[in-house]
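**Student:** As a plain string of letters, each chain reads:
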Amino acid sequence: MLNTYVVYVENKPGVLTRVASLFRRRAFNIDSLTVGRTEKPEVSRMTITVDADLDQARRIEANLYKLVNVLLVENITSEPSIVRDLAMIKVAATHEARSHVLELASVFRARVVDVAPESLIIEITGGEDKIDGLLEVLRPYGVLEMVRTGIVAMRRGKTTTSTSHNEGNQDTAEEDVSQSV
Amino acid sequence: MKDTAGKSMTGASILWECIEREGVKHVFGYPGGAILPAYDALKHSKIHHVLVRHEQGATHMADGYARASGQVGVAVATSGPGATNMVTGIATAMLDSSPIVCITGQVGSKLIGSDAFQETDITGVTLPITKHNYLVTHANEVARTIREAFYVARSGRPGPVLVDITKDAQQTSCAFDWDAAKPQLPGYRPDLSPEQKEYEQALDLIHNAKRPVILAGHGILISGAMQEVRDFAERAGIPVALTLLGIGAFPAAHPLNLGMMGMHGEAWVNHTIQEADLLLAFGMRFDDRVTGNLKTYAPNAKKIHIEIDPAEINKNVKVDVPLVGDLREVLHELLPQVESIDRSEWLDFIDKLKGDSAVRDIQNLPDSGHLYAAHVINDLWRETRDGDTVVVTDVGQHQMWEAQYYKHEKARSLITSGGLGTMGFALPAAVGAKVARPEAEVWVVVGDGGFQMTLCELATIVQEKLKINIAIINNGFLGMVRQWQEFFYERNYAATPLLNPDFAKLGEAYGIHSITVTERSQVVPSVRAARAHDGPVLLNFRVEQEDTVYPMVAAGASLHEMIRRPSKIVETAADE
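Going line by line, the protein sequences match chains Z and U.
Numbered per my numbering, the first sequence spans residues 10 to 190.
Numbered per my numbering, the second sequence spans residues 517 to 1092.
Derived by calculation from the structure, the hints in this document are not laboratory data.
Computed from a predicted structure; not experimentally measured.
Please note that the accuracy of each hint is not assured.
Example chain Z residues on the side facing chain U (calculated, C-beta under 8 Å, incomplete) [as the list claims (entries may be wrong)]:
hint : residue
1    : Ala71
2    : Tyr74
3    : Leu80
Using 20 Å as the maximum straight-line C-alpha spacing, the simulated SDA-like pairs for lysine to any residue come out as follows [to be verified]:
hint : chain 1 : residue 1 : chain 2 : residue 2
4    : U       : Lys626    : U       : Thr688
5    : Z       : Lys21     : U       : Gly703
6    : Z       : Lys21     : U       : Pro644
7    : U       : Lys834    : Z       : Phe37
8    : U       : Lys831    : Z       : Glu70
9    : Z       : Lys49     : U       : Leu701
10   : U       : Lys831    : U       : Pro644
11   : U       : Lys870    : U       : Gln790
12   : U       : Lys831    : Z       : Phe37
13   : U       : Lys926    : U       : Gly903
Every residue, glycine too, gets a C-beta built ideally from N, C-alpha and C.
Model the full structure from these sequences, guided by the hints.
**Tutor:** Written as structure tokens, this is what we have:
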């Protein structure tokens, strides 16, 4: 099954290589890995998705912790969380097809970010399923190029995956009311 | 300690100052362009530098030093080929959890990435075979990095750490302040301990077990838990089987000691494990060489795994109760709660498993005039058993015979490459062991194949005036590979016969007193001559060429499916 990890690491050169190398040498196949800055300049945050059974998933976590630069690992697969992927899709849009494509984009709440005589670039944010859905309906018009960021994830509610857990227990029973679009 | 707070020093001087403050008195290294500033600064240091003949040797020496003493060993090399020559030694230390720090020079920071002369991305190369590594490009990073390197190498599950220092970082100066350069490792957690509930579950299994076995591994030695394991085994009445690297962790002569388990463990040891209803794994990692086929491994046994590295839990063998923490501390917690249980029925059963093993043993044959490696090892043991002896073995048949026939009573009295199985390990590792423990009697037991991989270090032994005795088990073959070819490749001895030089003449060329031994009756006199000689001695034992290590669990076979010592060999040898 697909496991999603949120991993905080020290923001130092080479840390991404260490993490990627770990998955390679332990023969786990990364499905998606994104990395970026956090609210703290000395800390980077990764979202890693990897196909693994329960036992493998636990060992991945233990192996990540063995990397000296890894600060915190959380497997949020079974936690209520928001998962987002961003895609830019360049689709062929001739004069006749253009209005159909725009209509589809609007149904998926995607944005058109570039308009050219023969093509459009559509930007869409959402879960992977939603993006796959848009791709599916655009395909007949001709997808010329596509890029996806890979997923980023965050737990719902006030519960944080944070490197400063000891600043007070923020766990809450309240379920966040926000809905996935 | 000198007061150096705030004093301006070069990166090179800071390097030695920090290494000295970490308690290091000896380093093993080989100079070259990119590490020259460090070598130049060595003149101000009290550290003794051992000049090796190949950088691989330096890493094995640091490793042998660490295993003999429990202290961090240090190896030094230049950039490029100097650094890449260290790779085998680093991987060896990694797989056997040996704490070493490797210092390498690197080209100037402005040249990095330009394919400069002798530039190699050694932090990239060693990333998967080090516990952690560093690239240092500024003098002001040297102190903290060295402190972190030693801390990471020796804490938790120990391992090798490499510090690559650019030439300019060695040459430039900055203010040095030891106290301000504290390790900053916010994500590093070497000190885990089990939960109370897990202790209770473990005790429950221990008290309900009828046929328990302790599997004693290298972690006992690393943790320094020899006495605790002994107390535990005695109180709970549980027999102890050893891994190769666990040898010495439990006294060989102890009535609860079974001996080595696994591929070349005695038959009764492996049968005991297969019959057990509880395995207590103490600081071992269920390597494939000790488990055989995992599907049929100890099928009726519950498993308790006491292990400092959480990533080892459930890696090869699914365990019922993991106790993640330092073995010594965990046993301290468990010991007072362990009930004394009479297990004489189980121990009697194990005694019966020994069966005809004694009859099959080559040691019990009348002297046929042939020289077997087992005889050499056994005689060596008889002659040296009473002293503070360290035997350093290489990899192959002689290594297994040593493990079977040399009875180790003390911790850190056997040093060998287990996980990586590195041929060429023994000779340089013995140098490290002797430097770490000059009072100990150090013996190298090495095959004719492995010896020739690192024999250049004979010169290091002579130059350092080290009293090391070298026993070459010379059978003119890559013996263990030949054995596999005999069993599994229809005796097609492809690339295993060796045309060797006269090792005695070779030894003499280095100025080492050398004796060639071809008969069993000469073994004891030669060992005595070696011990009496003031200086290194090389003994060239020309043993039976096609001798075989028994028993053997074939790769992938079940642990109880062993190729036993055939009684036929016994007859043949006796008839002659």
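**Student:** All hints, please: hold or fail.
**Tutor:** Do the hints match the structure? See the list:
no. : hint                     : result
1   : Ala71                    : holds (4 Å)
2   : Tyr74                    : holds (7 Å)
3   : Leu80                    : holds (4 Å)
4   : Lys626(U) with Thr688(U) : holds (14 Å)
5   : Lys21(Z) with Gly703(U)  : holds (13 Å)
6   : Lys21(Z) with Pro644(U)  : holds (18 Å)
7   : Lys834(U) with Phe37(Z)  : holds (19 Å)
8   : Lys831(U) with Glu70(Z)  : holds (13 Å)
9   : Lys49(Z) with Leu701(U)  : holds (16 Å)
10  : Lys831(U) with Pro644(U) : holds (18 Å)
11  : Lys870(U) with Gln790(U) : holds (14 Å)
12  : Lys831(U) with Phe37(Z)  : holds (13 Å)
13  : Lys926(U) with Gly903(U) : holds (10 Å)
The structure is consistent with each of the numbered hints, conforming to all of them.
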